[in-house]
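Chain by chain, the residues:
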Amino acid sequence: MTNAGIGRWSWMALVSGFIFLYVPIFILMFYSFNESRLVTVWAGFSIKWYGELFRDEQMMSAVWMSLKIAFLSASMAVVLGTMAAIAMVRFGRFRGKTMFTGMITAPLVMPEVITGLSLLLLFVTLSQALGWPAERGSVTIWIAHTTFCMAYVAVVVSSRLREFDRSLEEAAMDLGASRLGVFFRITLPIVAPALLAGWLLAFTLSLDDLVIASFVSGPGSTTLPMVVFSSVRLGVSPKINALATLLVLAVSMATFIAWWYMRRQELIRQKEIQSAFNK
Amino acid sequence: MTNPVRPAQFLKSFGRGLVSGIPYFWLLLFFVIPFVIVLKISFAESQIAQPPFTDLTSFADDMLTISLNLFNYIDLYEYDLYLDGYISSVKIAGISTILCLLIGYPIAYAIAKLPPHARNLALMLVILPSWTSFLIRIYAWIGLLKNNGLINNALLGLGLIDEPLVMLHTPIAVYIGIVYAYLPFMILPIYTNLVKHDHTLLEAASDLGATPAAAFFKVTLPLSVSGIVAGSMLVFIPSVGEFVIPELLGGPDTLMIGKLLWSEFFNARNWPGASAVAVVMLIMLIIPITIFQRYQAKDLEAIADD
Chain A
1 MTNAGIGRWS
11 WMALVSGFIF
21 LYVPIFILMF
31 YSFNESRLVT
41 VWAGFSIKWY
51 GELFRDEQMM
61 SAVWMSLKIA
71 FLSASMAVVL
81 GTMAAIAMVR
91 FGRFRGKTMF
101 TGMITAPLVM
111 PEVITGLSLL
121 LLFVTLSQAL
131 GWPAERGSVT
141 IWIAHTTFCM
151 AYVAVVVSSR
161 LREFDRSLEE
171 AAMDLGASRL
181 GVFFRITLPI
191 VAPALLAGWL
201 LAFTLSLDDL
211 VIASFVSGPG
221 STTLPMVVFS
231 SVRLGVSPKI
241 NALATLLVLA
251 VSMATFIAWW
261 YMRRQELIRQ
271 KEIQSAFNK
Chain B
1001 MTNPVRPAQF
1011 LKSFGRGLVS
1021 GIPYFWLLLF
1031 FVIPFVIVLK
1041 ISFAESQIAQ
1051 PPFTDLTSFA
1061 DDMLTISLNL
1071 FNYIDLYEYD
1081 LYLDGYISSV
1091 KIAGISTILC
1101 LLIGYPIAYA
1111 IAKLPPHARN
1121 LALMLVILPS
1131 WTSFLIRIYA
1141 WIGLLKNNGL
1151 INNALLGLGL
1161 IDEPLVMLHT
1171 PIAVYIGIVY
1181 AYLPFMILPI
1191 YTNLVKHDHT
1201 LLEAASDLGA
1211 TPAAAFFKVT
1221 LPLSVSGIVA
1231 GSMLVFIPSV
1241 GEFVIPELLG
1251 GPDTLMIGKL
1261 LWSEFFNARN
1271 WPGASAVAVV
1281 MLIMLIIPIT
1291 IFQRYQAKDL
1301 EAIADD
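Chains A and B are the protein sequences, given in the same order.
Just so we're aligned, residue 1 is where the first sequence starts under this note's numbering, counting upward by one.
Just so we're aligned, residue 1001 is where the second sequence starts under this note's numbering, counting upward by one.
It cannot be assumed that every hint is accurate.
[Claimed, not checked] Per the computed footprint, the stretches of chain A lying under chain B, defined by three or more beta-carbons under 8 Å from a beta-carbon of chain B, are:
#1 93-105
#2 143-155
#3 227-235
[To be verified] Which chain B residues face chain A? A few, computed with CB under 10 Å, are given here:
#4 Met1124
#5 Asn1153
#6 Leu1183
Hints in this document: simulated from the structure, not taken from any laboratory.
Ideal Cβ positions, reconstructed from N, Cα and C, are used throughout, including at glycine.
Given the sequences, and given the hints that come with them, work out the whole structure.
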């Protein structure tokens, strides 16, 4: 639906929408360079809050913990989510499919307090019955994050799987490639951008989660959102603004690199298809 | 006659079984069974011990006793706090969903009308904020909405108001927070729907004498219903159980059920009570979740049925 061109009203909707989405974040970043502790009064440029942020040992160890959990959760979620996507898109009808699709999509909308509480009660029940998990901590958070992140990965990967041209796989098979060979040399490279996108999405979701982690964490495992939340509850602090600025910069950079990589892959692939036809 | 394909056939179905079985098992164990346990514990009694709830079954004198304690549910019904909490959660989530729709639809529509190369950029700009921390985006509004915050300072400076408007710790702040945080989830499904529309339909409508407005309400809007429903459910369902936004932006009188569940669990340490709150919330959300799943499943299984 392009033809009509974009009218005045549409421009207004776009511009005001982006102002609404971005201005609060920019103001937040701007005040991270404020000399004063008051976040709303400008008292001159300073980067001292960044120094304080890096000297805050509790915060730094929470950052490390969160990155570790996010890395492991995203990786596991990509493996499980991709399997689920393949099963949903490629296996046709199988027994229990409706239940399967339901279990994949429900975590997308389930209120976090319910997911958190139910997983905690599962871990408590399991540890009573089997002695595992002996204590709650990074492993239980990892399981919880993998569970809700794999749903997002499954949605991202399945939409890519549905788009792509199966004749490529069939052609490879006709030329004598084995099933596994086809998977690793044709299917995987084509869905790779979706896997990367799914991994990044899972990583940011895990890094961001406060509610579920609060339920299933133990005494020794405080994640970054938990530290931020308890500090925000006590009031506004420029240190949090500094942290926000660094997070936004990191995310924007990662997004840009991922976007650039996917675009390049796409161009290479198109070129290859082109040259294959020209031969 | 022995079939030479058989080992390969076996491997294939074994492989298939693994690919669907592993995630199936994982979700069964970590997503479905936990709900059964929540249901079970909602019938238990709270006690000061480890774990802080009683067993439903006891076995003594050759008698297996199963006791289902309905107290937690009776409590929910008898204390106005909970009833009000459920009602106000649904109200706040519903109004926020409508606001998201009114703001998000025009944005999605505008993006769908952009030339293709600009679309992806605009879409990325819509998603990007939701990849930065949710908590921090809500925190940003504290600084804006406070009595001595930026909005009040600006309005006072311009002489538009004489004394600061009280916005933080009111329901208004909660609405702003939910709309701000969930807007991308409304825009994306509507955009995905709108971008697939065939513009020749609109040309046909205008050839037949429809004004652009009439064409929009008679053609575009009805065709985009599935996007609207998906987006609305993506906003409504999680915001009913929202905790962070009412906790940070709402006041003590902004009742929301996610907040009540949280304090029942973390402050009162009443695990069975919190479980009962969760069970009732889930029952309330079954219809919206089913609607969402129907639309989502159609999307996910589209090719399998071709």
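Next on the checklist: Could you work out which of the previously given hints the structure breaks and list their numbers from low to high?
Outcome noted: none
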